[in-house]
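Asker: If you want the building blocks of each chain, they are given just below.
Protein chains: 2
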Amino acid sequence: MRQIFEDELNELHVRFSEMGMMVNEAIYKSVRSFIDHDKNLAREVIDNDRQVNKREVDLEKRSFEMIALQQPVTSDLRMIVTVMKASSDLERMGDHAVSIAKSTIRVKGNRRVPAIEKDIAEMSDSVKKMVEEVLDAYVKEDEKRAIKIANEDSGINEYSDRIYKACIAEMQHDPSTVVGSMDYLFVASYLERIGDYVTNICEWIVYLKTGDIIELNSNVDETM
Amino acid sequence: MRQIFEDELNELHVRFSEMGMMVNEAIYKSVRSFIDHDKNLAREVIDNDRQVNKREVDLEKRSFEMIALQQPVTSDLRMIVTVMKASSDLERMGDHAVSIAKSTIRVKGNRRVPAIEKDIAEMSDSVKKMVEEVLDAYVKEDEKRAIKIANEDSGINEYSDRIYKACIAEMQHDPSTVVGSMDYLFVASYLERIGDYVTNICEWIVYLKTGDIIELNSNVDETM
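Heads up: the sequence lines are chains A and B, in that order.
Number 86 in our numbering belongs to position 86 of the first sequence; there are no gaps in the numbering.
Numbering-wise, our numbering comes out as the position in the second sequence, counting from 1, plus 1000.
Any given hint could turn out to be false.
[Said to hold, decoys possible] Derived coverage of chain A by chain B (criterion: at least 3 residues anywhere in the stretch with Cβ under 8 Å from a Cβ of chain B; other residues may be distant): (1) 32–44; (2) 66–77; (3) 81–89.
[Said to hold, decoys possible] Capping the alpha-carbon separation at 20 Å, the derived lysine to any residue pairs in SDA-like fashion look like this: (4) 1061(B) x 206(A); (5) 209(A) x 1057(B); (6) 165(A) x 1046(B); (7) 61(A) x 1075(B); (8) 1054(B) x 57(A); (9) 1165(B) x 179(A); (10) 61(A) x 1211(B); (11) 61(A) x 1209(B); (12) 54(A) x 1212(B); (13) 1061(B) x 214(A); (14) 1165(B) x 183(A); (15) 1061(B) x 75(A); (16) 61(A) x 1206(B); (17) 165(A) x 1176(B); (18) 1061(B) x 77(A); (19) 1209(B) x 68(A); (20) 61(A) x 1165(B); (21) 165(A) x 1172(B); (22) 1061(B) x 73(A); (23) 29(A) x 40(A); (24) 128(A) x 17(A); (25) 1061(B) x 74(A); (26) 165(A) x 1105(B); (27) 61(A) x 73(A); (28) 1061(B) x 78(A); (29) 1209(B) x 57(A); (30) 1128(B) x 1007(B); (31) 148(A) x 158(A).
[Claimed, not checked] Residues from chain B that keep clear of chain A, each with C-beta distances beyond 10 Å, as calculated: (32) 1003; (33) 1004; (34) 1035; (35) 1039; (36) 1040; (37) 1071; (38) 1079; (39) 1115; (40) 1118.
Hints were generated in silico from the structure; no laboratory data involved.
For each residue, glycine too, the CB sits at the ideal point set by N, CA and C.
Looking at chain A on its own, in the form it has when it is part of the complex:
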């Protein structure tokens, strides 16, 4: 019985990590498509989101069945609850990648501001790093690292502040850039929200190890 449970738990971890990698790729590709004005790549992100959603349903079903059939307690139960909760966060992160991809398709060749695009690209690199780190911290059940990763979210918010200020300056200087600057702001806000979801997953990793629910970063100081 225990061996079956261990095998199922292991499979659950693997499938969760795979979902994380799918989402990470979607985020990366969506920002690439936005910066490069690559509508085909944007469409690919939108199409692939179905796989991410399917995986969430799959994880949910497996988790539920494991609880119902194996009736785990304490840390085993906590492990499954964590997957149940964190897979919802991953799914929402995938939705935001789709939002970025949809922005790409909407954009109609507005005037581009290289300095802002550079910040968006760097912001997205930081988000990508956070996503990769949180998946690793999850696999290693490393709650100390999870707390550290959540702290990195303030770096994401700094990018957001900078992009916000640059866009405001652009719009004040030349009203014809208002629509284009708003596109930049949208993409930055989606990335910021993805960072918030990474912070949620960090909280679940702490929960996994300690059983305590803590708020690592309140999402409330964000710009958008």
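With chain A fixed as given, assemble chain B onto it according to the hints.
Answerer: Showing chain B alone in chain A's frame:
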């Protein structure tokens, strides 16, 4: 044993509904504070958020203990899983009310646009209605109504679009309104996100009744 479980489950429902009402009040007060430039009310919302967070932790602990000690299966288990998931959504909704309250405190008497403020007030009334309805649908486990409520989210997105367009027009017309218009956009985006979380809770209500995880509204067509 069954009676103890029923009593605990009932207590869980009551405490979840109470949390929902706390969050609903926070949203309402935060928008009131923004429209009325009432910084005291905004501070009240920020202070009270601690109670919302505490309640989430309380619900989490109760749910976990009920699963571990009573080992529920099928619909009983699903009921508890729903509380576990939906309480996270309520907590995030509370965070966004805090974000609106913080916007209120930041605002420095920018020029006001009554037409946009009217739309924000109406948008917040619609969100409030959605929150109240979803709590009622939860109590009644009414998945058909949950699907209907999720559809109302498109109405929220319409407000968002309208506020977006009005703000863009303001900014293009008079660059000195850029910062003030952005404040309006922020508040609208927080309200929109609260609507997204209501949709999540609608999805959990469907799950509660059917065991199926469905995506009622992909969050991906939103403006911000």
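Asker: Could you run down the list of hints and mark each one as holding or not?
Answerer: To see whether the hints hold, each was checked on the structure:
no., hint, in the structure
1, 32–44, "violated (count 0)"
2, 66–77, "holds (count 6)"
3, 81–89, "holds (count 4)"
4, 1061(B) x 206(A), "holds (15 Å)"
5, 209(A) x 1057(B), "holds (16 Å)"
6, 165(A) x 1046(B), "violated (25 Å)"
7, 61(A) x 1075(B), "holds (13 Å)"
8, 1054(B) x 57(A), "violated (29 Å)"
9, 1165(B) x 179(A), "holds (10 Å)"
10, 61(A) x 1211(B), "holds (9 Å)"
11, 61(A) x 1209(B), "holds (15 Å)"
12, 54(A) x 1212(B), "holds (12 Å)"
13, 1061(B) x 214(A), "holds (12 Å)"
14, 1165(B) x 183(A), "holds (13 Å)"
15, 1061(B) x 75(A), "holds (13 Å)"
16, 61(A) x 1206(B), "holds (15 Å)"
17, 165(A) x 1176(B), "holds (14 Å)"
18, 1061(B) x 77(A), "holds (12 Å)"
19, 1209(B) x 68(A), "holds (17 Å)"
20, 61(A) x 1165(B), "violated (42 Å)"
21, 165(A) x 1172(B), "holds (17 Å)"
22, 1061(B) x 73(A), "holds (13 Å)"
23, 29(A) x 40(A), "holds (11 Å)"
24, 128(A) x 17(A), "holds (15 Å)"
25, 1061(B) x 74(A), "holds (12 Å)"
26, 165(A) x 1105(B), "holds (19 Å)"
27, 61(A) x 73(A), "holds (18 Å)"
28, 1061(B) x 78(A), "holds (11 Å)"
29, 1209(B) x 57(A), "holds (16 Å)"
30, 1128(B) x 1007(B), "violated (30 Å)"
31, 148(A) x 158(A), "holds (17 Å)"
32, 1003, "holds (20 Å)"
33, 1004, "holds (17 Å)"
34, 1035, "holds (19 Å)"
35, 1039, "holds (16 Å)"
36, 1040, "holds (18 Å)"
37, 1071, "violated (4 Å)"
38, 1079, "holds (12 Å)"
39, 1115, "holds (18 Å)"
40, 1118, "holds (22 Å)"
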